[in-house]
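Enquirer: Spelled out from the first residue to the last, the chains are:
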Amino acid sequence: MLARSRIRPGFWLVFWREVDWLRRRPFLLGLTTIVPLAQMALLAAVFSAGLATRLPIGVLDLDSSDLSRTIIRMVDATPDSAVAVRVGDLAEGRGLILSGKIHGLLMLPRDLQRDVFAGRRPEVVFFYNTQTLTTGSLTARGVTAAVPTAAAGIRLSLRSAQGQPMESAEADLQPIPVQIHALFNPTLNYVYFLLAALIPSILQVIMVTTSSYSVGLDVETRHRLRVLRRLGGGLWPAMAGKILPYTILFMLVLGLSDTLMFTGFGLPRRGQAWLLIVAGLLYILSCQFLGALLALLLKPIASAVSIGTLLTAPAFGFMGIGFPRLGMNAFAYAYGALLPGTWYLTARIDQTVRGTPIDLSWKPLLILLAFALAFVGLVAWRLDSIRSSADRSSRAQTAPLVEVPS
Amino acid sequence: MSELLEAFRTEYRRIFTVKPVFSVLILGTAFYAFFYPQPYLNEALRDVPIAVVDRDRTPSSRDFIRRVDATPDVAVIEELPDIASAEREVFARRIDGILVIPQYFERELLHGRPSPVALYADASYFLIYQRVAGAVVAVARGTAVEVESARLIGLGVDPALAAAATDPLRLTAVPVFNPEGGYATYVLPAAFVLLLQQTLLMGVALLGTLADTDPAEAGRRRPSPVTAIAGKLLAYLALQAIILPVYLIVLPYLYGVPRLGGVLPILIFAVPFVLSVAGLGFVVAGIFRQPVRVSLVLAAAGLPLFMIAGFSWPSEAIPPVIRILSYLVPSTSAIDGFVKLSQLGAPISVVNPQFFTLWALAFFYNFIALLQAIREAKPLTPVVAARTPRIC
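If you read the sequences in order, they're chains A and B.
First residue of the first sequence: 40, per the numbering used here; consecutive thereafter.
First residue of the second sequence: 702, per the numbering used here; consecutive thereafter.
Next comes chain A alone, as it looks inside the complex (with noise of 0.2 Å):
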C-alpha cells in the first residue's frame, strides 16, 4: 500500500513487470533466448559444411579395361561422388543401396572398351538413389559430369580414325556447350540456401507460441485483464508494455543469429542491411500480436498455445524453401500468403543474397506491414470488445433494474 502512491501506472510499469517476470521465470526466458540459440546452433553445426561432397557411390565394373578404369577415375575425382566399393554384382550393389552405404552405382558392361571402339554405342548406366532426392540428383550430378568427359576423348579418336582432320573434330567436341551461371549462390551452398531460410522458420514458431503463452498469461481471466489495464492505465498502453520485452528479445536472438550467418558463414550482404532490419522488426511485431490474437480469442492458455503450434509448426513446407510456392496447389499457395514467415523470408532473400534493387523490394515489406498492422488492429478490437462486455456485465451487476444512458 505504501507503494502504491508512488507507481504510477501505465506503459513502463508494465513494461518493467514483465522484464521482471522473465527475470524470475527461467523457463520463459529460456525458451525465448536459449532455445531458439540452441537451435540455431544446433542447425549451423549440421549445415556446417555448406555443400555435401564426395557422397560414396559404388562400381560394378564388368570390363576391367583402360577405358572402364579412365571412367573410374573420372568419376571418384567429381567433387560430388567418391567410388566408394567396386562390387562384383548388381545385386551386392543393391544390398549397398538399401543398406544406405552407396548412394548410386555405376555399371560398365562387358565388352565396354572393345564396343565403343566398334562403334557399337554400348550403355552406360547409373543407378541412383532418389528416394534421398538431394543426395541422389548430386550423385548424378557427378556421374553426369565424368561420363561425357571421358566420352569426349573417345569421339576424337574416333574422328581422327575415320579420317577427319584434327582441329575440325576437336571444335565440334561440345557443339552447344551451355555456360551455365548461378545466380546469387554460384557455389550452390546449402548454408545460404537452408539454414539461412531455417533459423527464422524456427523463430517463427517460438514467437508465436511464447507470445501466446505470456499474453495468455495475463488475460486468461477478466481479473487478471483488468489487472493489466489498470497496471498500463489502460488497455493499449498495458498491451505494449507486455509485448516490448519480448520484441527486444526477438531481435536480439534474430540479430544474433545473423550476425552469425553473416560473419561466421560469410553470408552476402547485397541488399539494404536496414530493409532488412525493418523487414525482420515487422515479423517478429506480425508474429507477437499474432500469438497475442490467440490467447485474446482462445482459452485456457494451453488451447491458445496448441493452435498456434498448428498454424505454424507445419509452416516450413508452405513457405516454399525446399519445394518452390510456384509449384504448389491453389490451397498451399493461398495458406502460405498468409504466413508472415513467407513474406520475412522473401524480404530476407532480396536483401541477403540477391541485393534486389531497393525499388523492387517493397512488395515482401508492405506485406508484412499490412501483417502487422492487422493483427495490432485485431487485437485491438478484441481488448475492447472485452472490455465493452465487461462494463456492461459490471454496470448489470450494480444497476441491474435501470438502463443508464451513457
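These aren't lab readings, by the way, just hints derived from the structure by calculation.
Predicted model only: the values in this text are computed from it and were never measured.
Some clues are possibly wrong.
These stretches of chain B come out as covered by chain A in the derived footprint (C-beta under 8 Å, 3 or more residues) [stated by the list, open to error]: (1) 835-845; (2) 880-886; (3) 925-937; (4) 952-959; (5) 982-988.
All residues carry an ideal CB built from backbone N, CA and C; glycine is no exception.
Go by the hints and put chain B onto chain A.
Expert: Same frame as chain A, but now just chain B:
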C-alpha cells in the same frame, strides 16, 4: 495381471477424455494428415518461367528456344532485348532464368564450331535452379547430337558410324525408388514418421503432466510403477496400431506415393518406435511437469529433428558428434528404417541397426521413466499429495 489391464484401460480412456490429449493425438493427427502434404502434392515443378535474349534471330536460335519451351520443366514466357532488362525481371520475381543466345549462334553451329549459349538461373531456390539448368542442358545436348550427326552424314559418313562418333558412350542415369523424382514421394514418407513421433511425444508428455480428473479413479489404489508404465505403453501401442498404419500405409496410398515394402515388416519395426517415443514422452513429462511447458518446448522441435535425421541433408555431411547425438532421438533411426522398409522395399534384416537402436532407446527411456515414477511414488504414502500448481 488385472492391475495391468486396469492401467491399460485407464490410460486408453484418458486418451479420448482428456481434452488437450485428444486434441493432439486424435484431432491433431487427423489435421496433419490432410494439411501437411498440401505443398508437395503436385510432386514436381513444371513450367518454371524464364526469359530469352535472342541476339541471333535465326531459324536455329528460334528452334532452340522452341525446344526449351517444349520441355515440361520450363516455359519461355517472354523475349527481352538485353540482359539488364531480363535481370530486372528476375529481381521482380517474374522469371527465374535467362537464356542468352549469342549472335552468330546459327553460323557457328552450321560450320561445326562450338556455339555456346549462356544460362542465368536463379539459385536462390535450388529446385528452380535444378529444373531450369537441367532442361536447358538436356535440350543443348539433344540438339547438338542431331546437328552433329546430320553434319557428319552430310560429309559422307555412314549414319550408324555418325551416331557413334557423336555419342560413342551412352550414359543412362536411372533414378531408382522414386523414378519420377517427385517431391511428395521424397518428403512425405519421412515427414509422416516425424509427425507420428511429434504427436505421440506431445500426447504422452501431456498425459504425464495432466492430472486424472475422473473422480471415480481418485480413490482407487495406484498400481506399482512397473505395472503403470507397462499398462500405459500397451495403451499407446493399441492406439498406434490404428494411427501408424493409416499414416505409413493408407495415406501414402491416398496421396499416390508408391510403396515397395510389405506391411508386416513396417508393423514389426513400429513396435520399438512407439515404445521409444512413448518412453521419451514420459521423460519429457518428468522434466517439464506442466502441460503448457511441454507444448511450448516441443512446438518448435520438429524442424531441427527432421534436419538432423540425415534424410534431407546427407548424414555424411553432418559432423560426427551431432550424428552420434542424433541417435538419441527415435526419429533419426525411425525415418531411416521406415523409409528403407516401405520405400526401398528392404527386408527387415537390412534395418537391423535401426531396429536395435530403437529397442535400446525404448529400454533406456522407459527405464529412466521408471526411476522417475519410483521417486515420485515414494513420498506419496498417506494422501495424494497434489503438487501445488504453479504458473510457470
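Enquirer: Work down the list of hints and note, for each, if the structure agrees.
Expert: Status of each hint after checking the structure:
1. 835-845: holds (count 6)
2. 880-886: holds (count 4)
3. 925-937: The restraint on the segment 925-937 of chain B is violated, since only 0 of its residues have a Cβ under 8 Å from chain A and three are required.
4. 952-959: violated (count 0)
5. 982-988: Our answer is that it is violated, as 0 residues pass the Cβ test (under 8 Å) against chain A, missing three.
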